[in-house]
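J.: Kindly generate the complete structure, drawing on both the sequences and the hints.
Residue numbers (numbering that gives the first Met the number 0), protein chains in the order written: chain A, 0 to 179; chain U, 0 to 476; chain P, 0 to 1018.
A couple of the hints might just be wrong.
[What the hints assert, rightly or not] Covered by chain U, according to a simulated footprint, are these stretches of chain P (three or more residues, beta-carbon under 8 Å): (1) 769 to 778; (2) 833 to 844; (3) 919 to 926.
[Unchecked claim] So, partial list: chain A residues that the calculated Cβ filter (under 8 Å) puts toward chain P: (4) V90; (5) G91; (6) K93; (7) P94; (8) L95; (9) H132.
By construction, these hints were calculated from the structure, which means they are not laboratory data.
These figures come from a predicted structure and were not determined experimentally.
From the three backbone atoms N, C-alpha and C, an ideal C-beta is built for every residue, glycine too.
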Amino acid sequence: MAPGPKKAVQHAVVVEFETPEQLLKAANQAREAGFTKLEAYSPFPIHGLSEAIGFHDEKVPWIVAIGGLTGALAGMALQIYVSVIDYPMNVGGKPLLSLPAFIPVTFECTILFASFGAVFGMMALNGLPRPHHPIFDTPNFERASQDRFFLAVEAEDPKYSEAQAFLGGLTTATVAEVAA
Amino acid sequence: MAPKEPLNDELILGQQSNATLDNTIGDLVLDQKKHNNKAWVLTFLVGFGMLHLFLASVAWLLYTGIGIWGNNIPSGWGFDIINFVWWIGIGHAGTLISAILLLMRQQWRNSINRFAEAMTIFAVICAAQYPLLHTGRPWVAYWLFPYPNILAMWPQFRSPLIWDVFAVNTYATVSVLFWLMGLIPDFATLRDRATNKIAKPILGILSFGWRGSARHWHRYEQAYLLLAGLSTPLVLSVHTIVSYDFAVSIVPGWNVTVFPPYFVAGAVFAGFAMVLLLIIPIRAMYSLKDLVTMRHIDWMAKIMLATGLIVFYGYILEAFYAWYSGNPYELKLLQWRFTGPYWPAYWLLIFFNGIVPQLMWNPKWRQNLMIVWVVSMGVTIGMWLERFVIIPISLTVNYLPSSDRMYIPTFWDFAMFAGTIGLFVTLMFLFVRFAPIINIFEMKDLLHKLHQEKQRKDKGGKPEPEAPAEVPAGAGE
Amino acid sequence: MDTKDTQSLNLEALRAKLAGKTGRRYWRSMEQIAETDEFKMWVEDEFPNRKAILELDRRQLLKYMGASMALAGLSGCRQVFLGQDKIVPYVNQPEELVPGRPLYYASTFTHAGYGQGVLVEQHEGRPTKIEGNPDHPENKGTSDHWMQASILSMYDPDRSGSVTTKDGEIGTWDGFFKKSRAAIASQKAKKGAGLRILMEATSSPTLIRQLAAIQKSLPEASIHVWDPVNRDNVRQGSALALGKDLEPVYNFENAQIVVSLDADFFSSMPGHLRYAKDFANARRVLGAEAEMNRLYAFESTPGLVGAMADHRWSVKASGIGEIAKGLYDAVSGGTPSGPLAKELAAIAADLKGFPDASIVVPGDHQPAAVHALAQMINLLLNPGRGCVKYIEPVTNAGAFSDLSLKELVDEMNAGKVEAIMMLGGNPVYDAPADLKFAEALAKVPFKMHHGKYVDETAMACDWHLPETHYLEEWGDARAYDGTVTFVQPVSYPLFEGRSKIELLAALFASPTSGYDLVRETYAATVPAAEFESSWRKALHVGVARETARPAVTATAVGTQPEVGAPVPGLEIAFRSEPHVFDGRYSNNGWLQELPRPLTQITWENAAIIGVETAKRLKLESEDVIELKYGGVPVNAPVFVQPGHAEDQVTVHFGYGRTRGGSVATSTDFFGGGFNAFALRTSKAMSFDKLEEPRKVASKAHPIATTQLHHQIEDDRDVIRSGTLTEYRKNPSLHEEAHHGGSPESKSLYPDNIFEFNGPQWGMTIDMNVCIGCNACAVACQAENNISVVGKEQVKNGREMHWIRIDRYYMGDLANPDETVFQPIACVHCEKAPCEPVCPVAATVHSHEGLNQMVYNRCVGTRYCSNNCPYKVRRYNYKNWSDNQKQFMDRIEPIAKIGGNTTTEKTNGIALLRMLNNPDVTVRGRGVMEKCTYCVQRINNVRIEAKKAGREPRDGEILTACQQSCPTQAIVFGNVADPESQVSKLRKDPRSYQLLRELQTRPRTSHMGRLRNPNPEITA
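T.: If you want it as structure tokens, here you go:
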């Protein structure tokens, strides 16, 4: 995006690679060079890439666990409330609290809530849906979802001023700066 | 379709690159010209026609009542529940391929899981019609859901039918989530390739603004793996619970402890048969032979054989225990199945599900598409017959001989069955046309993996760093 | 006229008119008060519908509807509804009818001339249910399927509603009287030489009185009596044996040994209800010491008596003669010759062992000679007339009904008959084929028919006159023993019918109300002083006390009559149909759909043959054969019946109707059967030689039976039975071999979910006295608003009866040693398998142990039925209740006005809805239903008891099936009360729970079947 009248805020410096290997290598170098606000883009998941940009995150499994637990409790509670407390009835001479019969529903509720946790937790943490993002302005970025690999140093990085030079040193490809 | 193709160890054939993958798969969606083939149009029209038969029979059903079917006393259930169980069973292969094989790190799943998941969802949609419409008063079928109401009434949670409600709904929901989640990155790819003014924004929305950043991928894979982990017990539970509809009752021929495992096996059996039944023509139709290779066919045929053997074992056990228990009612039923007026149903079942799949022992025949397809068709019929043998045939003989009555399906029973098949075909073919039928990013990933392995071999196997914990979706060993 | 209407139908105006009146004023319709033109026209030509039908437009229709709504409330007042206030309610009469509380009136149902006492339950003026009259000498509170179903006939939309002339043009009573009075006047001149009256046998004192009067005033006129199923043989028999025209009346209460010669004294013979009851009492076994009677049956067509018998032999109808002869020889001291000589000797010995305590009962269709022999035996066996007495015939039928008809036909052919008046009956349909009645009738210039339906005969007459249903008319009748009973109306006539007696009075004397006619007749029989009180009393109980016919001293006269030799080879046997009889009940859906005893056929008749005969003729059920008798061919479906006499084809009357209601003539799904009367000739009224039938088609005619022929499988503990001696050794009648699960075996679950110490309902059914008569099934249908579904649906296995009577054979199918009836309704399991599988809790358990079905909650998954081991649940696969197929299908366009056909009666359903029991929910489509133990009756009694501040007494609650049961095989009550009858019976060693091994703990228990065979006879 062309710089506007007032000083355009920068989002990141981005550089494009041909292969996952190059990206991985560059990312590691960048981290070792002390860059902290790194981000990488690829058409498919690449192993070690998140480590390479120094990203660790274990929230999703916890969300799933909590979801599952909620489901289990809710399912069992519903059945007990309905069959024992709210409307006790003699059904075929079975005890009001027929726990074995309550297992299947409890189980299904567990799975359902856990799955919600997994999907919606992932979406939320990834801040999706988000129709637009500055990175999309990167030249040729549409190929990030096809066959190109991008490495970005974001503006928040304390060493941001050195980013452009450093990345330029990694590859012959043009280094682009993207406005926020 | 070509009757014979060489069995190739490769999971991907030909000179493939990320770009070629995008072209072959992605452009099926973006470039509708690729669909100008008669096969698609004809099959779709047939399915669409049968869909209308479905609508017609539903209308007549709602107007007249269950009486238009062959159900009676004692056979309160007939085609309605047969077809429900049949469809839900077919669905299971999809989840199995996408979830269980994923956990087992079976890379060959990548090129068929998207397709199989779609099949699951559509099969469940077809299945769901029956529990709803088989009730005498469908307009109050919502009473099966627990919600606070002025009747101050709740569902009766001891009933397997309520378990069904929860199982099937959970299964449908989770399958849809799983499927959509897998589609997000592919929609992103398509979004970025799309030039069409209408298609682009739509794809933009469907892709939720996916950027493919390392952070996204990280959480995405975590979630995807967990979802697979959840779907695995789910898919096993669904048919187990469906089998409870029968196993929990006291009807001779229903009250059988072997039902849950053998229903699940049967489901997978039927499911893989259905996948083969569909994928063989479609891969020919859209020249996907390089992506869905003979290797895949071979694998699926083997699984079909394995599960088939389990099911056959189930039949033998059923008969054995009936005899071993010495229970007069069970013995009467056994005799009724073997030699009663419905004997053809039982012996055809044994033929289709017990004998025919044995052909798959022979590797040559596993590579003969025609034979595989025919066997799959046989299995699909056989699994339907299995439900016929279990449901109405068990109901027609009773504890009190005075209640014995025959069950004879009517035109509308068949119409409705054909109708749901129409519904299924319609949905399936729309899917083939408007969504990427093969998971693009996973194929790229697979391609990358294979490439790495090849390099490794060339370089005399210099080990590359691998993160053992973080194996991405569809990664190989 | 539209505007005039608006004024005349203005409610204000009506109220004004009513306000003006003082004293009690009865009025039939709002038009009457309003004195509208319609009403004037109505008065003039007595035909109210003419304008309405053809000119009623939507706005008017709505207006009328609105108005009738406004007036509906008044129908609560008995006076308005009944038009008369002289009926005395059976229970102590309330000042005003209490809405929601039924009233009971005593009346009399007449079948084939013999009266049976009924109590009519009436809700707000709507009769809804028939029960037996406890004060009646025959039924003593019990009832049979005909009585129970008669209520449906009252609301039958196909009943003839108006005077109809030859071409189907709707006429008026006035118009008829003008013509007929002229005709009669002309007859008076010649003493009625050209006048004939043809009627069914009647026992009504009033009617007989009127006929006598007519005979007196018109000596040349003659009265003919014709019934296709009559008692000629019985009376000719006694004429032969006793020299007098008498009717035997049996006493089964004392009878230790009974021999049946092809007789059916359980379900069709006059007095059958009393006979069944007494027989059962002599057979009921309680406690190890109890004795039971012994029954020998010689049967051609398997029937209820044979099923009950301790020894049964199938003998073709024509072979019974020999048996009777052999038995007579043996009893009279000679030595029997011919077939079964050894057995007959043993039987004779047995009979003679019980002087005055043994009888021989011949079947009404057997020839006179057999009856003669039987009565001669009875005289020998009953020196003190312990088990049989002879009385003057109860009906006016001479001993020669058949000849009487023949005579009439000859006269008609000879042109001697100028006017004929047919009071009921349907001779055009049921007269012997060889008489060609219809052709003869056509020669009569003036023909009138008075009957309930526009049937075959009505169509052949110049005038058809609608007859009232017995619930709409005053009348009287005699019971099987001659006791006089009264017919009281419980409803204003639904149509324009008039009763026989009113018609005769209006024609031959002066128009008089039925009430006055009956009163007159009765007045003649009692001293004037006590008349009023005795009259009220008689009406109150519906029975005139001490009017039974006295026994006539009878002694054997003459010598042993000659019996004909058995017919060689194949023979045809004619029988009255167990349910539609001779066709008079053809239009009754309940009776049509009620499975026939043993065969379990519904909706039609069939050519019934034995198993061996079927083999020989290479026939099987549902084949179609051509029966040829006397050159007349008739196509009939075959039905192979175990235990049927070989070399005999049994055909039942009453089917193949061409007119007489949409049910009667319905051929839906090949229903409707074939007309056996077409084969019957005056030469052989009950059996004769038959040519070998020709097979027309194989498996071409589906027959809707509710049960296949089942032999009981030995490995199942479904039926328990044994001989009296076995019972004494092992009272449970239960071989341990059958044993599945011991009664003590414990459930994992607690016995009571809720602590509750109220009554616990339960039932016992004694299979030892159940005669399988089906009365309970119809009673249940009437009480619980159970729908009729039609032949096709029965064939599909969707009949709705809440209680069914299973029939099992033991031993050889061709000739079973034993036939057992097992009535089954919902057994109300304490651990009901149906309940836990219901997803919406639509079937749950009450504190009092009822397995309740909540119709409004049911979504109709049918899982409960699948899981019910007794398969007693019934499902509304279609909208049966609102869509009574048999009436919706086709309404016969009988009504014509000025040449235009009207569909006057298409609102048949509305009429049928009036029949519904208001205490029972009418089930809609898609819901499950089943026996409720008549919960509505339980609650009514409970309420009454509460009001009286007490607990319901034992035996105070009667379920519909229990109340109707002639043999009291069904007992219902509180099983928590150890003193109640039901608890005692449940403790009886014979009582067992069906499928106990399933641990469903049924509340209904069955009691084993006992037989008392003669040790001298090994067979």
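J.: The structure should be examined with respect to each hint, and the outcome stated for every one.
T.: Verification of the hints:
1. 769 to 778: violated (count 0)
2. 833 to 844: Since 6 is at least three, the answer is holds.
3. 919 to 926: holds (count 3)
4. V90: Result: holds, 5 Å to nearest chain P Cβ.
5. G91: Given a least distance of 4 Å, the restraint on G91/A holds.
6. K93: 6 Å, holds
7. P94: Because about 6 Å separates P94/A from the closest Cβ in chain P, which is inside the 8 Å limit, the hint holds.
8. L95: 7 Å, holds
9. H132: 48 Å, violated
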